[in-house]
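Asks: Going by this note's numbering, the first residue of the sequence shown is number 316, and it counts up by one from there.
Read the hints as simulated data drawn from the structure, not as lab findings.
Yeah, the Cβ is synthetic: ideal placement off N, Cα and C, and Gly gets one too.
Warning: the hint list may mix true and false statements.
Said to hold, decoys possible - Quick list of the computed label-pair ranges, beta carbon to beta carbon:
1) T647 to V713: 48 to 54 angstroms
2) N695 to T753: 20 to 26 angstroms
3) Q675 to L534: 26 to 32 angstroms
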Amino acid sequence: MKHLTTLLLILFACTCVPAQTYVSVEEQETVTAAQLGLILPIATEYDVVNYKVRYTTLDAFNQPDTASGLLSIPKDRTLRFPMAVYMHGTVTNRDAVPSRQGTGERTLVSALTTSGYIVVAPDYIGLGDSDGFHPYVHAASESSAGRDLILAAQQWMEEQEIAFNDQLFVTGYSQGGHAVQALHRDIQADPGPDSLVVTAGAHLSGPYSISGVMREATLSEDLPTLPGYIIYTYLSYNNVYGIYDSLGQAFVQPYLDVIKQYNAEEIDGSSFNAALTDLLEERDERLIDMFRDSIGQQIADDDDDSRIVQALRENDTYEWAPSAPTLLYYCTADEQVPFRNAIVADSVMRALGSTTVIIQSGGERTHVGCVPFALLTTLNFFDQYATRDVISSVGRPVQLNSFGVSPNPAGIGTPLRLTGLSADGTYPYELYDATGRTVQRGSLGLSRSLTVDGGARTGVHLLRVTLPDGNFVVRRVMLR
């Protein structure tokens, strides 16, 4: 009977709704490249169509939940774009998330999309349309929210016949840096039945070392810029792991009342930070003084037997070796997330055998000041690996082994000679840059050669040549 009960439980569990099913997709606004050009520090190429996606996933307790997120698609059906995941930073209320129009997080998504990526951005559990508390910097639920939105978006796009290629880029800033490192790690460890593979990842200014660098920040003698964010971490882990019977077992007055208010969502994150800052300044105390002495001692001692310390360690995200190209980006004047998180992650990943990690400093900039530089660096990093395949409404791509382009690489202004084409017929061609922009078009003359004009950029390009039967061949061309 015991074995039968176990089998029935397993069978019942297997009949649950698939985690990655989309529930609804609601079209929102379309933003033109010209409009984005007024607010973004980058060259804007594509108009952006936004959709709010509601999808099924699992919460922090591994129970089914309906979450929300944003899907942004370049408004161009002639190219097959790569996908990118953007994991957002800490927000001060549940509606300051990517699926809500007009939020700052949506601006960063639009930057990726107008540059030629189909982007998904989860709101996370407990934010947006997901009820209940948000498990802040909880690696497992951040990761599953991201993975399940990827799969839900792919399912819907396949039904809508919206093309995308098999490349997957992942990035996130601040809390999103922690979330994307967890997502990247988990996809590499378990690609799942859909065989997801990360092409490249950019982990930006994230708190990867929760039990090390961020625990030490809890013990700092200096007044933290945003004390609420650190306390939010301990609240989150208590909500997930059930460490204390009541918050009074962990925190002392007068901080306890404010912490209870925030935990009950009676005040937002901005008010929470302000209230804690005022109390710390009035009492001339450190952040660790908010805790009961016994709890503070466990944190200070890094006590192996402490449940709160075990929770911190459970949510470190850096102890693995990325196989895909991985950028760790930070700024040295970051007052919210100590940049030593990136230094620790880089050293451990390399020690574990990774040869693909690149660490880069954005210089002496603050947490907010670092954002535009992290964005530009990420776009340049991803564009080294991204491909955008041409889709033709007439004809289809064919293999023509005799077709060649030389020289390749070639300098701008150097004639390109095309071989393997018959002497008869005309051959229209189009040349696309790495963003999918058409930089040159025309027809090949009898010489079967073309010269790329001075308006082109250096880098990888796609040359598409239409054959007399309406089909076409494509070759990569490197211009330097």
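Asks: Look at each hint and say if it fits the structure.
Replies: Hints versus structure:
no., hint, verdict
1, T647 to V713: 48 to 54 angstroms, "holds, 53 angstroms"
2, N695 to T753: 20 to 26 angstroms, "holds, 22 angstroms"
3, Q675 to L534: 26 to 32 angstroms, "holds, 29 angstroms"
Hint compliance for this structure: every hint is met.
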